[in-house]
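Asks: Given next are the chains, with one letter for each unit.
Number of protein chains: 2
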Amino acid sequence: MTVGIASGGVTTPQGFRAAGVSAGIKANGGLDLALLVSETPATAAAVFTINRAQAAPVLVSREHLTRSGGVARAVIVNSGCANACTGDEGLQIANTMAADTARLVGCPVEHVLVASTGVIGVALPLDKIRSGLPAALRALGANQGAAAARAIMTTDPFPKEAAARTTIGGRDASVGGMAKGSGMIEPMMATMLAFITTDAAVPQPLLDRALRDAVHDTFNAITVDGECSTNDTVMLLANGASGATVDAGQYDAFVGALRGVCLELALGIVRGGEGATKLVTVTVTGAASPEEARRAAKAIANSPLVKTAIHGGDPNWGRLIAVAGRAGVEFDLGRAAVTIGSTVLFEAGKPHDDNAPRAAEYLKGKEIAVAVDLGAGRATSTVWTCDLSAEYVRINADYRT
Amino acid sequence: MTVGIASGGVTTPQGFRAAGVSAGIKANGGLDLALLVSETPATAAAVFTINRAQAAPVLVSREHLTRSGGVARAVIVNSGCANACTGDEGLQIANTMAADTARLVGCPVEHVLVASTGVIGVALPLDKIRSGLPAALRALGANQGAAAARAIMTTDPFPKEAAARTTIGGRDASVGGMAKGSGMIEPMMATMLAFITTDAAVPQPLLDRALRDAVHDTFNAITVDGECSTNDTVMLLANGASGATVDAGQYDAFVGALRGVCLELALGIVRGGEGATKLVTVTVTGAASPEEARRAAKAIANSPLVKTAIHGGDPNWGRLIAVAGRAGVEFDLGRAAVTIGSTVLFEAGKPHDDNAPRAAEYLKGKEIAVAVDLGAGRATSTVWTCDLSAEYVRINADYRT
Chain A
1 MTVGIASGGV
11 TTPQGFRAAG
21 VSAGIKANGG
31 LDLALLVSET
41 PATAAAVFTI
51 NRAQAAPVLV
61 SREHLTRSGG
71 VARAVIVNSG
81 CANACTGDEG
91 LQIANTMAAD
101 TARLVGCPVE
111 HVLVASTGVI
121 GVALPLDKIR
131 SGLPAALRAL
141 GANQGAAAAR
151 AIMTTDPFPK
161 EAAARTTIGG
171 RDASVGGMAK
181 GSGMIEPMMA
191 TMLAFITTDA
201 AVPQPLLDRA
211 LRDAVHDTFN
221 AITVDGECST
231 NDTVMLLANG
241 ASGATVDAGQ
251 YDAFVGALRG
261 VCLELALGIV
271 RGGEGATKLV
281 TVTVTGAASP
291 EEARRAAKAI
301 ANSPLVKTAI
311 HGGDPNWGRL
321 IAVAGRAGVE
331 FDLGRAAVTI
341 GSTVLFEAGK
351 PHDDNAPRAA
361 EYLKGKEIAV
371 AVDLGAGRAT
381 STVWTCDLSA
391 EYVRINADYR
401 T
Chain B
1 MTVGIASGGV
11 TTPQGFRAAG
21 VSAGIKANGG
31 LDLALLVSET
41 PATAAAVFTI
51 NRAQAAPVLV
61 SREHLTRSGG
71 VARAVIVNSG
81 CANACTGDEG
91 LQIANTMAAD
101 TARLVGCPVE
111 HVLVASTGVI
121 GVALPLDKIR
131 SGLPAALRAL
141 GANQGAAAAR
151 AIMTTDPFPK
161 EAAARTTIGG
171 RDASVGGMAK
181 GSGMIEPMMA
191 TMLAFITTDA
201 AVPQPLLDRA
211 LRDAVHDTFN
221 AITVDGECST
231 NDTVMLLANG
241 ASGATVDAGQ
251 YDAFVGALRG
261 VCLELALGIV
271 RGGEGATKLV
281 TVTVTGAASP
291 EEARRAAKAI
301 ANSPLVKTAI
311 HGGDPNWGRL
321 IAVAGRAGVE
331 FDLGRAAVTI
341 GSTVLFEAGK
351 PHDDNAPRAA
361 EYLKGKEIAV
371 AVDLGAGRAT
381 STVWTCDLSA
391 EYVRINADYR
401 T
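Protein sequences appear in the order of chains A and B. Quick note on my numbering: the first sequence kicks off at 1 and runs consecutively. Quick note on my numbering: the second sequence kicks off at 1 and runs consecutively.
Keep in mind that the hints are not guaranteed to be accurate.
Within a straight-line C-alpha distance of at most 25 Å, the following computed DSS-like cross-link-like pairs (lysine-lysine) qualify [as the list claims (entries may be wrong)]:
1. Lys26/A - Lys26/B
2. Lys350/A - Lys128/B
3. Lys128/A - Lys26/A
Worth flagging that the hints you see were computed from the coordinates, not collected in a lab.
Let's have the full structure, built from the sequences with the hints guiding it.
Replies: Below is the structure:
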C-alpha cells in the first residue's frame, strides 16, 4: 500500500467530470454553480449537519440517498444562497434543481445530490439555477475540477482541493476532493461542503464506514468559530472506473488515502478561516478518555481568549489552563502541563515563566502548535483551529451589507 | 415590602467600612488593594468558580468559610495578579495575606476572606501586599466604597456598584455590592469577583440559599466571551447592624433586594464587557425545559456570528436559528420564531424579510433585545451579553504586552 498526497481535485479519479459556471446568484458575478458528474452510476455516501435547522438541499440529498440505496450520478451545488430556513418553497426549489439536473444528465432524479451554501433565509432564485444548468453541462470536463472548487466558495479566501493516489489489490486508484468553508465552522458529525470522488469500487456499507472514519479525525476535528451550519455536508462518490475494488482487506489502504484527502481539505478550511492569520494545532494529552480529550481540545480551540492571545503572539499559557479547567473534563492542576511549540511553560503545578520569551518568539510563526496535558489519564486528541483577529469581526459584522 | 434600587455600594449598609489603595501591584500605579471590614462578625456566604483550576485565594476563602461556619469580619482583595496556577507558593501567599489582615483588623484568621484578580500564573508580590495593608487599614471609611470598587478593577472600563433598600419586619435594611469583570466572563455557578453586604441579620443557611437564588438569574445569566475564570467569586456578608432580621417570612423581600443588587452589578459587567458597544438581552421561549431554555440562550449569547452581526447592525436572523438548531435542545423549525426588538423576522417556517429594514434601524441602538421561540414547549430563559467588536480582539491580543 502506498498513499501519496498529490495535487488534484474531484476530477483526478477517472470517470469524473466537473464544471464551475456563473449563474448570476452572487451579486459580484463570480462562479456560483458547480456540477459534478460520474460517467457511470457511483456508489455514494454522505454525512450531513446535525443542526436541527437543516437546509432544504440537505433534506433532499438525504432522501435521494435513501431512495437510491446509496447510488449517485451527479451533484449540483450553488453558492451565494444557502436555501436554508426557506420553508416548503425552498424544498420545492431544491427538488426542482435535482429534477432539472437529472433530465440534463440523463439519470433518475434520486441519483442527483444537491447542496447549497451562502446566506441563510433568503429565497434561492430558481430561474438563475435553470439558466445556469445548461452552461454547466456544456462546461463539464475532466480538467474542470478547479473551476468547480471556485464555484462553491463564499467567504473563502482560496479554493480547497486535494487528491491522493493509492494501490488497491495491485491496481492504482485515486481519491480527489474539494471543499468550501471559512466561517460558521465547527462541524458536528459532518461539515461545511466537501465533495470527494474515487475511481475505486467500494461496496456501499464499506464506503459509508470509510467516510465516517475519515471525517472523524479531519473535518470533525476542526473549528474556526464554534458554529455548526445548517448546510454542512460531505459527499463521497465511488465509481470504480480504475478497476480497483475495495473489500475488507484493502479497507485500510483506501481509508488512508481518503483520510489524507479529507485532512488536506479540512486544514485548507482552517487556513482560510475568516480572518485567520495562523494555523493552530491543539493537542490534548493525559485525558481520562478519548471523548474528554476531544472535548478539552475543542474547548481550547474555540476559546476567544486563547485565539486572541495566539493572534497577539502572547504565550499566555494561563488561558489554556483556565479553559482546560472549565471544559468539564477530569483535570489535575498538580500534574497538568502546557507546551507552546516545544517550550514547556507550566508543569507539575508551577510556571516556567523564564521560558516565555522563547515561546513568544515561536508565536511569531504562521503554524502554531499548543499542547495541554490534563494529568488525568492516557487519552489524546488533536484538533485544528485558527487565530481570532479583528478581521473576523469585520467580515461578520458586514456580511450582508 | 418595598425594594428600591439606589446609588451606593458595599458601605451603604450600616456597619461596613471599605478602602481602596495603591500597593504597587499594577504597573500603572492604579488602585489595586481593596479592604472591606464589618464592625462586627457578619454571617457570610459565597459561591466560587467551578473551574477545576481554582486559584489560591479561592481555596483559602472556601476553607475559611468552612472553618468559621460561615462567619467573616474582613475581605482583602487585590487586582493586577490572579494568584492562580501558582502552586504551593501561591497558596502560602494567599494564607499570609489573610493572616496579616486578621492581625491588623483584630480577628481570627478564618474570619478573613481573600480574593485576587488579574494575570494568571504570575507570582503575587507579597511584599507589596504587606506594605499596602496598613495604608488600607488607615483609609477604611464608611464613604470609601467607591475607592474599593475601583481597586478591584482590571480591564473594566468603569467600576460597578449597586445598592437596594428594603423593609424587613418593619425595619429598614439595605443591601450593597461591588463587582469587577470585563473579559473571561461566563460564570459557571459563580462569577468574577463580587462583594455584597447587608445590614440585615440573616441566619447562615438562609443567607446561603438567598445568594444562590439571586446569583442564578443574574451573575449566572450573563456572558461576555463564554470563558469561566479561575478566580470567580461572589461573597455576601450580613452583619445585622440595621436591627432587621430575615427569617423564612421575610425571605422574599430580602432575596428581592439581593437579586436587584446582583442584577445591577451583573449588567454592569456586561455593559463594560471587553470591547462591548451594546448590551444584548437574549430571551428564549418555547423550550422543552428551563435547562434547555438556558442552554439555547447561552449558545446564542456566546455565538461569535450572532455577536458580530449585532455589532454590525445586521438583522441576520438566520444566524440565531442556526445556533438554536445546534444548541443540543429540542427545536421545531416549522414552529420556531425570531424577533429582534419587536419585529418578527422568521415565523412558522417562513422569513419576513420585508421587516428587515425596521430591525436594522432598531439595531442602531445601544440596548438590544433578541428573542427566539424554539417551538418545542413552554419554558423560557433570559441571559445578557454584549456584542463582539474588533476592540475585544485588540484588548486580548495585547493583554500582557
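Asks: Determine for every hint whether it applies to the structure shown.
Replies: Now for the hints, and whether the structure bears them out:
no.: 1; hint: Lys26/A - Lys26/B; result: 52 Å, violated
no.: 2; hint: Lys350/A - Lys128/B; result: 22 Å, holds
no.: 3; hint: Lys128/A - Lys26/A; result: 10 Å, holds
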